[in-house]
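full-length UniProt numbering applies: residue 1 is where the sequence shown begins, and numbers increase by one.
Hints should not be assumed to be uniformly reliable.
Computed cross-link-like contacts, DSBU-like style, restricted to lysine-lysine with a CA-CA straight-line distance of at most 30 Å [claimed, not checked]:
no., residue 1, residue 2
1, 438, 415
2, 453, 484
3, 156, 579
4, 409, 438
5, 540, 581
6, 209, 187
7, 484, 568
8, 438, 484
9, 244, 283
10, 540, 443
Derived DEER-like restraints, expressed as beta-carbon distance ranges [stated by the list, open to error]:
no., residue 1, residue 2, range
11, 578, 75, 21 to 27 Å
12, 406, 525, 26 to 32 Å
13, 320, 235, 23 to 29 Å
14, 420, 329, 46 to 52 Å
15, 525, 453, 35 to 41 Å
16, 236, 94, 33 to 39 Å
17, 74, 211, 47 to 53 Å
No wet-lab data here; the hints were simulated from the structure. None of these values were measured; they are calculated from a predicted model. Beta carbons are placed, not taken as given, at the ideal position from N, Cα and C, and that holds for glycine.
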Amino acid sequence: MTHLWKLKIPSLLKCVSLNVLANQGRLWNTPLVYSSIHDVETPIFCISRAAHADSSQIWDQNSTPNTETVARVSRNARAEAQAALLDYLHCTRCLQFTDAEHMSKNSPIFLEKLLKKVENEQEVGRSLTRFFRYHPINEFEPFFESIGLQHSEFSKLLPRDMMFLSDDDLLLENYHILCNYGIPRDKIGRIYKEALEVFRYDDGVLRSKLRAYEELGINRYSLSRFVATSPSLLVGGVRAAFVKVLEELKGLGMESDRILSSLCQKNSYNWSRIHDILCFFSKMSCNKEQLGELVRSNPGLLFEGSGDKTFSLIGLLLKLGSPTDEILSMFLQFPQVQVGTFVKNFRQGLLFLIEIEMEAEEILRIARGHALMLGSCSLKRPNSVLSCLNIGKKRLCRIIQESPQVLKKWMLGSKLDALPNSGEERRSLEQKTEFLLKLGFTKNSEEMKRALKVFRGKGGELQERFECFVTAGLDRNDVVKMIKISPQILNQSRDVIKMKIDFLVNNLGYPISSLVTFPSYIAYTIERVKLRFLMYNWLKDQGIVEQNLALSTIVACSDKIFIKQYVKHHPKGPEVWEKMKKGLSFM
């Protein structure tokens with residue numbers, strides 16, 4: 001066995017950071033993992049003079065490995081550990097050499113766990129050999145790890161009544177069939193996770209299923225890759241939708257290799273759904289030549305989310321009133337971007353137009369006539385564009401309506417320069433300045449400059465909004481103080497100001513005078529305030545928080561701080577918070 005200890009460390013382990021493995025090793029300090037590697041308690045006679053002499057004994061469950069020693073494990077020590085595991089699995093447990101070798105070279109976390117039990121890395125091989133003699137390992141752990149499963153995935157799959165792979169004949173038999181068929185061993189874990197029944201098939205069943213697909217014209221290489229991405233193909237009978245999709249795509253000039261290159265190994269595919277999207281395009285009067293060009297240039301339309309992303313986009317366009325011929329025309333010119341990204345950009349573009357208060361008819365006109373442009377651009381936030389261009393919403397709406405393509409200039413990462421003031425904006429600025437001077441602001445002072453920079457809308461609207469606060473019962477001088485502290489409160493419309501004051505007084509029970517010390521309340525949304533007070537009242541009922549916290553204390557802090565300082569003080573706090581949050585989102 002000495003020659004095995006001298007095996008060079010495989011290239012796979014050269015790519016793995018020892019520090020990362022040391023951190024991951026903490027996952028293995030759970031009772032579940034320790035029980036699997038310490039299934040048999042160490043006999044007293046195992047602690048012999050020889051063991052003490054070479055100082056390479058295995059630590060017991062209660063000992064703590066030296067993290068510095070673990071981090072400094074050399075390549076030779078790791079290679080010796082691999083060799084010892086290979087020797088144990090093949091020579092002692094009689095697993096096939098290829099199986100044992102793959103397990104020993106492709107279970108780094110399990111191997112790291114073993115290395116943490118060794119004090120002297122100069123005698124890793126001998127120590128582990130002695131360890132295996134008295135502590136049979138749960139072979140399913142390195143096996144599951146070597147076929148690509150994470151510990152969090154396979155911990156629930158570990159058999160309760162077995163620890164030796166040789167005890168599960170059906171598992172090994174079907175595993176070998178998949179290996180011999182050409183499916184990479186590290187992809188088989190996904191099949192085990194998504195189609196466990198495949199490994200319970202009796203002799204000949206799995207071969208017959210693979211043969212059935214081959215008889216339909218699918219070559220062995222292609223089938224092995226399709227199975228790796230869609231394990232459900234091996235469950236039940238031949239999947240008719242899968243076969244139909246391959247046949248139709250082949251008729252459109254898309255061979256198996258091109259299809260396979262369009263699939264993501266990490267994703268699962270619903271072939272019935274993919275077939276549905278193909279049929280839908282055909283019903284949209286898309287001829288064979290157009291459909292072939294469409295799927296060859298943008299296979300993501302079929303395979304991204306199994307067509308769900310495309311259906312989502314089609315549904316959105318239909319709701320906006322786009323006729324099917326316009327939708328088809330858009331798809332035939334579809335840009336080289338992911339469908340999910342296109343849908344996200346398109347929705348954000350619509351929200352951009354809504355937030356700048358563009359008329360609904362104009363939004364629909366731009367959405368239908370410039371869908372490709374909206375989906376291709378990831379826009380800046382409206383407030384950022386307004387601030388950089390130094391204009392108001394109405395002027396921004398006019399600019400977009402005159403030339404919708406201007407939106408492409410406002411993509412994320414682009415630099416914007418302020419636009420020259422129009423005559424209307426100059427008049428508005430004069431009105432704002434005059435309004436502030438009447439309130440007692442000093443001309444050209446920093447205080448006035450800050451307020452003018454924050455104000456949105458026409459200057460003539462500021463006085464009307466100011467009067468809302470006075471009419472509600474506040475002293476005029478107090479309102480002036482509020483504006484000096486938080487000038488942005490005048491950016492709210494009269495209706496919104498009235499609604500928020502009414503909610504403060506009649507729903508929350510605070511006096512109107514609370515706004516004098518915390519005017520920024522007006523700038524927060526009703527939804528935010530509702531959620532904070534629902535949670536605050538619940539915490540009060542639980543006796544967790546003080547009875548009379550200030551309005552600013554409850555509302556002003558960020559969600560992160562509010563959760564940390566208040567919500568998490570009760571064990572069920574985070575759960576209640578999320579339920580309240582979801583409840584408000586559906587109101």
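Compare the structure with the hints numbered earlier in the document and write down the numbers of the violated ones, lowest to highest.
1, 4, 7, 10, 11, 13, 14 and 15
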